[in-house]
Amino acid sequence: MKRFAQLFTVLDQTTKTTLKTAAMADYFRDAPDDDKLWCIALFSSRRPKRAINTTRLREWAAERAGIPLWLFEEAYPIVGDLAETISLVLPLPSNPQDHSLTHWVNYVIDLGMLEETDRKSGILKAWDQLDGVERFLFNKLITGGFRVGVSQKLMTRALAKATDQPEAQLTHKLMGNWTPATTSYHALILTDDPAADLSKPYPFYLAYQLDGEAQDLGDVTEWSAEYKWDGIRGQLILRDGQHFLWSRGEDLMTDRFPELAQLVDFVPPGTVIDGEVLAWQGDAPLPFSALQKRIGRKTVPKKLLSEAPVVLKAYDLLEWQGQDIRDWSFKKRRAQLADMIVDLPDDLPLRLSDSLTADSWQDLADQRAISRDLGAEGLMLKRLDSPYLSGRKKGDWWKWKVDPLTIDAVMIYAQSGHGRRANLFTDFTFAVWNGNDLVPFTKAYSGLTDAEFRQITQWVKKNTLQRFGPVRQVKPEHVFEIAFEGIQESTRHKSGVALRFPRMSRWRHDKPLQEANTLGDLKEMLQQYG
Amino acid sequence: MGDLLTFTDSGIYCEKGGFYVDPWRPVDRALITHGHADHARSGHAHYMATHAAAPVMRHRLGDIDLQSIDYGTVQRIGDVDVSFHPAGHVPGSAQIRIEHKGEVWVVSGDYKIEPDGFSEPFEPVTCHAFITECTFGLPVFKWQPQNNVMDQINDWWRKNAAAGRTSVLGAYALGKAQRILSAVNADIGPILTHGAVENTNDVLRAQGLILPDTIRVTPDLDLKSYSGALVVCPPSGFGSWTQRFGAQSTAFASGWMAVRGVRRRRAADRGFVMSDHADWDGLNTAIAETGAERIFVTHGYTSIFRRWLEDQGYDAQIVETEYEGDALDQTDPEIAA
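Chains Z and Y supply the protein sequences, listed in that same order. So for the first sequence, our numbering puts the first residue at 669; every next one is plus one. So for the second sequence, our numbering puts the first residue at 15; every next one is plus one.
No lab work stands behind these hints: they were computed from the structure. Certain hints may be false.
Calculated lysine-lysine pairs in the DSBU-like style (CA-CA distance at most 35 Å, straight line) [unchecked claim]: (1) Lys1062/Z <-> Lys684/Z; (2) Lys173/Y <-> Lys670/Z; (3) Lys717/Z <-> Lys156/Y; (4) Lys1129/Z <-> Lys173/Y; (5) Lys829/Z <-> Lys173/Y.
Examples of chain Y residues toward chain Z, derived with CB under 10 Å [what the hints assert, rightly or not]: (6) Lys156; (7) Arg274; (8) Arg277; (9) Ala281; (10) Asp283.
From the three backbone atoms N, C-alpha and C, an ideal C-beta is built for every residue, glycine too.
Input sequences plus hints: build the corresponding full structure.
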């Protein structure tokens, strides 16, 4: 694993993408094929399942290090990473070995199948053979938390460089539900067989948020606009009498939404649709919380199927009659999509996402303004003559979201972060007034700069009232503006509301504690937008 | 009969000797372990420190009333015998031994037990009560031998020089910077220094310590003629000051670099794990070698380390001080002071 540990070290030591890409390309040029395949798998979230209960792991690490468990538990939050804490406390290996990455990944997979006592001796043996970064990586593999500061996109770029293939083609090859157990480096990367995998999706095209003014995009007649729905982006694949539904995170979610199965009987094979899975009733979406109940379930009880039925709102057509049509103009793809859907029975769970007609940007702005009332997040703008690109690209597609809702709240609890944010207080709980009491209603982790996090960390250390494990109750003093995308009723929260995508949008140094918002204000928002 | 040393708002106090050790408020008589700003503060009427610590203290604190003394020489102050013993932290740094009628207390100041080839090596001092730092008092902190770390630094510099990049290394201006300079392979290329580092270099060279040739970075220095240089500057010099060097690789040398999260937060290209404080094993070894039964921990992971010592059978207590040691995310004490 030395070769892979060196690669990891280079990737971890630099923030420069050119250096990262070059290091990965080198690896893809000279590592053994099995190791390359595992490297690709690990960098595309195909890591082996967690092989071990972490409670046991902490006990064994403390035992091996000759320290009491409490001391290990104290060190862990300070380091901010379990795999790293373990590799730091253990003594030097007495029997160092140099095995391949594939050896160690298989070792980890085998560990998962052992009885606990054998598993323990297997792990102790590995710890005694590995040192430093290699030991850290092994721990990441057994805890199932392998993540590295490299996107799949960057990895694909490096692979493209090393194998001299177009990036888009490789991106497509890497999609789907392969694992190193089901394929080989040769079959996956070096072979050209587009029909090899019926279920293989196309890379999603993702849009950026529009920063400037919409009118700066040019002539409004060159653009298509539609509502941006808040569901789960999905790609529906109908090929050869079968159907597959992929999420944007490359999760295969076909079985979670059995309603869509009937489409196989109506939509011609060789069709791929990009759309949004939404819980839908009548003419309007149900709140996101209805859909949320369905996300975690692999099998869906009847009751839930009737309470939260889903539809696919179709945005785009990527494959038609078995042909990849992503290079057609959006206008042409869209016309074909509409043509196909108009012929389908009305009660099928496939709907066209309507295009908005507009004479001017102002006209569109007015329609955007009522998005929230319709259950949408704003508008999507797509250039009519644009092809379907892969990944997040600027220029042809834009999210034009409505401004977030905001509320001014008081920070009452703080907790330190993990990883890069260990030793900084970054996770906060916020409250609003209810009479003279502060009622907690949301947590937020993001939105402040590193400098602001450092500043608030210093303050938290000096203003802790009580500790509950890692959580500190702090003096109510600071007011933050919390921005969020939606609000829903919740029986799980004391305040009775749950927010969607809450984050700290501003530190209100100017606002006295007493002027933070109230529970009544939140309830009013719930009435209006819930 | 009370304790030989007590802990007051002004600092560690010896009533029988009528003096303080590393006090943080102005006092009449101050015994100073070493010249770092959180230990050697201004405003005291009389100072006492080792001969080797004196020049830096005069440089920083100006015209102070300072009596200096050799390591190991016993001096009677009031009713107690006082002597200074090497702490291995930075040149001139000392542990201070205080004895009264056979009872011995030692104040460690900051220390490390691995010899760095530059500071006077740490010497264990037997005592009844030991007042110790514990900046890195967690079992995750274990330093590699200095030679390994220096190999990493030399290797990093050599590769950067070959690629036409400047190597910018952040290290504290008193101690860490000179420790690295004295051990680095100066054949690789020219060495440039930030003014704060070079000022300390001048003082230490004048007292006979050997450092390689260095060039002070001034606004009119022609940087183009020093391609492939190593630049040593305080961590707080990063950013606006280092921009002038163009294509560069940045690094910090600090014990905190052992933690990946901290390394990534600092956003330097490299983090070299090198500290002038004792690591976990170092602290435990040093404490065991004193033979002391009573241990007072002053700064660092005090509550965790105290509990650990208690588990090991020591009578351990936490003392609140204003020492910072090598505090995470602090601004450089050398520049702030």
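Hint by hint, here is what the structure shows:
1. Lys1062/Z <-> Lys684/Z: Within the cut-off at roughly 21 Å; holds.
2. Lys173/Y <-> Lys670/Z: Distance ~20 Å between Lys173/Y and Lys670/Z Cα, so the pair holds.
3. Lys717/Z <-> Lys156/Y: 31 Å, holds
4. Lys1129/Z <-> Lys173/Y: Status violated; Cα separation ~42 Å.
5. Lys829/Z <-> Lys173/Y: Distance ~24 Å between Lys829/Z and Lys173/Y Cα, so the pair holds.
6. Lys156: 7 Å, holds
7. Arg274: OK, holds: Arg274/Y within 10 Å of chain Z, min 6 Å.
8. Arg277: Nearest chain Z Cβ about 8 Å off; hint holds.
9. Ala281: Hint holds; Ala281/Y Cβ to chain Z Cβ min 6 Å, cut 10 Å.
10. Asp283: 6 Å, holds
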